[in-house]
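First to last, the sequence lines map onto chains A, B and C. All letters in the first sequence, in the order written, are residues 0 to 145 by numbering that gives the first Met the number 0. All letters in the second sequence, in the order written, are residues 0 to 251 by numbering that gives the first Met the number 0. All letters in the third sequence, in the order written, are residues 0 to 357 by numbering that gives the first Met the number 0.
Calculated from the structure, these hints are not laboratory results. The beta-carbon is built from N, C-alpha and C at its ideal position, and this holds for glycine as well. Take the hints with a grain of salt, since some may be wrong.
The calculated EDC-like cross-link candidates involving lysine to aspartate or glutamate, where the alpha carbons are at most 20 Å apart (straight line), are [said to hold, decoys possible]:
#, chain 1, residue 1, chain 2, residue 2
1, C, K223, B, E235
2, C, K222, B, D42
3, B, K114, B, D35
4, C, K318, C, E272
5, C, K276, C, E353
6, A, K108, B, D42
7, A, K114, B, D239
Partial chain A-side listing against chain B, Cβ under 10 Å, derived [claimed, not checked]:
#, residue
8, Q23
9, T27
10, N36
11, Y37
12, A42
13, T43
14, Y47
15, Q59
16, R63
17, E66
18, R74
19, H77
20, K108
21, I110
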Amino acid sequence: MSRPAHPHAMAPHKPGRTRTAPPQMPSTWWSAPRIRNYLLFDATGIVYYLISFLAIGMIQALGRGPEAWNAVMARMQHPAYIAFHVLCFVSVVFVAIRFFSLFPKAQPKAIGPLKPPPGNVIHAALYVVWFAITAGMTALLAGWIF
Amino acid sequence: MAEKTIVITRFDPDKDQAPRKQEFKVPCEPDWKVLDAVNFIKDELDGSVSHRWSCRMAVCGSCGMMVNGEPKLTCKTSINDYGDRIDIEPLANFPVVRDLVVELDGFMHKFESVKPWIVRAKEKAADQAALHPSKGTYSQSAEELATFKQFSMCINCMLCYAACPVVANEPEFLGPAAIALGHRYNMDSRDEGNAERNAIFRGEGTVFSCSYANECSEVCPKNVDPAAAVNQAKFEAVIDWAKNLVLPRGGA
Amino acid sequence: MALAYRAGVPLKDMEFVQYHPTGLPGTGILITEATRGEGGYLRNNKGERFLVDYDYGVGKKAELGPRDMISRAIVQEIEAGRGFSGAYGAYVHLDLTHLGADVINFKLPFVRELAKTYVGVDPVTTPIPIRPVVHYMMGGVDTDIHGATILPGLYAAGETACVSINGANRLGSNSLTECLVFGAAAARHAMTYSKGAAAGDERAVIAQCEEEAGRVANLRGRKKGGEKISAIRRELNNVMEASCGVYREQGSMQAGVIATAQLRGRVADLRLEDESKVFNTEVITALELQNMVEVAETLAVSAAHRKESRGAHTCKDFKTRDDQNYLYHTMVHHDPAGPRLGKKDVVLGKWVPEERKY
């Protein structure tokens, strides 16, 4: 593009223009019920950040041998860790539900001759895939397959 | 009739360093909209209160304000949805010119930048033939119209910009209404300007800044669902980019 | 209109005002004609389709009849005591319930939205309260077919103009013609004119601008004034509704002439509070009101002088059209002493005026 699309878009005032008061965030941005879901959605990022450290720690313990691994496993019995895992689980479920509800309407109306199925079909399919993968992973980890 | 305290944000660039609040006691009728209360203040209590309004039937899109922190089209919002104290501020995320009046230049520029008109690749001979009334001027079927009709219902009230957390943090973001409008023309069967608009969508103020908070669609008074448009536009912009990468001249 | 009028261009046919039969009481929000086009009924307080059950001259057209006749029928129905009474005056019902939710949602979604939001009524289940509302000015700045006025270089098109495609009554959607066809014609003619025109006297233009700027500056924050904008606007509403409404009478129109002349005097002494030079909407409102009062006066004067019934101008005292004495355009010229009336011949073209019979 030869020129920026919007050189002074919503910026504070420029010299030679009428003096304006700078843009404000909505005064209730942190408390509005409308925005709460979105803030929670974004806040789950912190949870994933923390659990990634935990996962790295566990892999390291695994590398150090059975004793270190068992020690980590014992520590995981602590209520604080259990609570943290519950929080992780809730976060994942929340994000999945929110994402699944917004996903269908973001689909293109058509890709060439292909038209996406109706929104509620996409919505249902996401849940089916989610549960199928969860069941498969569970079966794998529980040793039912190998 | 119920007396309510209406708190109006005042700002006169000639006098005030920063916006301030002023309270008015207003005898409100039960069938009033919030705009009626602001008009009552202007008519009867203080003629210096400045705000924009025109059609008072939710088609012109000029009376958007923050009502108790929420972006609202005040002519469509019943006064009885609120308690005895109503806080009315100018739309968030916009510079304030005066009282409840916000600066529109940036918004207008974004609107213009998405080329919100029908772009024809090869105007002239073929089009002149197509333009002949007997062939139907740029005829379009009901199905073709249905693909974008929803996005054409926008009244440019800018509530979505006041609600968007991305606009709040990235003033250069094209924003919900402008992207929805550009996408509306991209979806239009008569239009051939997709490549130009997709380049704009990938450029500065990119559509990919959108984090799909869905706030815009929550506050939209005309059920346009700009969040859907923006996220569809992301997909189209990526496909367009991939085509340009793989195929000569984008497969055109 | 007021700008052209003060500049010496006459206003033409100002007495012809179109009422739209279906507006919401109080707000005046328009409920589209399409409601009747799709098969909506007008009903009185007995539930009767009064356009069918009583003879209002609309005949078999019933709800599809012209706007002026249906507006008059509604007023008569209300005067006969068969209307409903509400907080914003009497009204009748626009009944769409028999159309069903599917037709309303598909064909009339905006009507449903408006009725729900502004009168709290869902047209799928409940009739909409409606009454005639002022809709369109057939009259306006007198222009020729190019949109040009008698003042060289001044052009007008659209509702503000009177190029006389509407005559004394307008058909729906002809405002589009006025804007698109005559707007384009005016622009083309103006372009040609300005190319051939002399440069003009710059000093005279500057002097004129300064005078106008002075007028605005005097108005801004005019705290010495004694008249309130909102009060005069309300009075003007009431005067015009009472004197030049759907039905007009000599007595009330004469009262309207006197009342608007008085308002013209009072509107010069407005009180304004806003001193700011930034987005001062109070000054705009004041200028608008001064213009409105002036235009209203030309309307009342034109209406009072036309002692016949023609098109949208319906006098109770003179029920028929009088082509002998009144087959001409009413012209109003600005004069410091008050509006001065004049006449202009009607170009009849292919058709000879006939009595309207359905």
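The hints, checked one at a time:
1. K223/C - E235/B: Violated, at about 62 Å.
2. K222/C - D42/B: Roughly 15 Å between the alpha carbons, so the hint for K222/C and D42/B holds.
3. K114/B - D35/B: Cα-Cα ~36 Å, so violated.
4. K318/C - E272/C: violated, 48 Å
5. K276/C - E353/C: violated, 55 Å
6. K108/A - D42/B: At roughly 49 Å apart (the allowed maximum being 20 Å), D42/B and K108/A break the hint.
7. K114/A - D239/B: holds, 18 Å
8. Q23: holds, 5 Å
9. T27: holds, 3 Å
10. N36: Nearest chain B Cβ about 8 Å off; hint holds.
11. Y37: holds, 4 Å
12. A42: violated, 13 Å
13. T43: violated, 13 Å
14. Y47: This hint is violated: Y47/A lies away from chain B, its Cβ roughly 15 Å from the closest one there, beyond 10 Å.
15. Q59: Violated: closest Cβ of chain B sits about 33 Å from Q59/A, beyond 10 Å.
16. R63: violated, 39 Å
17. E66: violated, 44 Å
18. R74: violated, 36 Å
19. H77: violated, 35 Å
20. K108: holds, 5 Å
21. I110: Because about 7 Å separates I110/A from the closest Cβ in chain B, which is inside the 10 Å limit, the hint holds.
In the structure shown, a violation is registered for the earlier hints numbered 1, 3, 4, 5, 6, 12, 13, 14, 15, 16, 17, 18 and 19, in ascending order.
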